[in-house]
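Could you build the full structure based on these sequences and the hints that come with them?
So you can see what is in the structure, the chains are spelled out below.
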Amino acid sequence: MRLSPDALVFWRYGFLVLNSTIVTTWALMLVMTVGAMLITRRLATEGHISRWQGFLEIVVTTIQKQIQEVGLHHPEKYLGFIGTLFLFIAVSNLCAILPGYEPPTGSLSTTSALAISVFVAVQLFGIEEQGVVGYLKSYLKPTFIMLPFNIISELSRTFALAIRLFGNIMSGTMIVGILLTITPLIFPLFMNLLGLLTGMVQAYIFSILATVYIAAATRTRGE
Amino acid sequence: MESTSLIAIVSIITAGVTIAVGSIAPALGEGRAVSTALSSLAQQPDAATTITRTLFVGLAMIESIAIYCLVISMILIFANPFWNHVIAQATGK
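If you're matching them up, the sequences are chains Y and G in order. 215 is the number of the first residue of the first sequence in our numbering; add one for each residue after it. 38 is the number of the first residue of the second sequence in our numbering; add one for each residue after it.
Calculated from the structure, these hints are not laboratory results. No incorrect hints appear here.
Simulated restraints on C-beta separations: (1) Y/Tyr315 / G/Phe93: 23 to 31 Å; (2) Y/Ser331 / G/Val94: 18 to 26 Å; (3) Y/Val346 / G/Thr41: 52 to 60 Å.
From the structure, some residues in chain G lie toward chain Y, with a derived Cβ separation under 10 Å: (4) Arg90; (5) Phe93; (6) Met98; (7) Glu100; (8) Leu107; (9) Ile112.
Ideal placement from N, C-alpha and C gives every residue a C-beta, glycine not left out.
Here is the structure:
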């Protein structure tokens, strides 16, 4: 029983490895990008709007409203990043319903990459909003003795994001694997359902936490 | 007792104790969080969406403590580096 999809290797050349995580990630990216391109080829604002366009509009406006409710006043700037996080994690967890599929978010590499990109994005959005000096000064904010604690809290938030998503998805797939060897008929089905639910919740949590961190970094004093 | 069996015994016991003790506190915390959220929903039903969203975010943060313990347990059982080391030594001999 594999701990993560990193262990299933398709092809290896020296230190370059093509494992199940990479293949699944690229397949998901391909499906989502090509699907979105096909749906948005002929956008209509009146008359007959296709169902797929309506579905995409619902998704985009819901994410935009959520970003606005957290406290970011120009959601268009952050919609690309946060929407991508949510959609990638949600689609990769929902596709667990397909047989023989292992979610790439069950590998610590994928979740660490997502968490590191959130960390970098928080710094970049903060600097864009407050300037380099202003943003770095915010680390000294309550008093300058808090500087090491602020830095530690930044790093531990990133670490917690990665481990939370990895732990939830990995334990979901592993529980189903273990149950399949014990009680094969009904229980793995319920655990698979629970896995789908937690996958969606974790996607939402990841993107909302990223939004909250960005909002905290871009909030100017006196607002 | 040789090192192989000692590592196996301690790993198994630790894995069980980790997840057992590590899920007590998050469960209690989540219970308190949900009960407070329910009473505030009863007091202010208009803020239902805000309360529900904040509740889910808070529950995920609390849950992640239990997830850390679960990850340690899983690593001890399925990807134990000390066990792999002694097994490699034993088969290499």
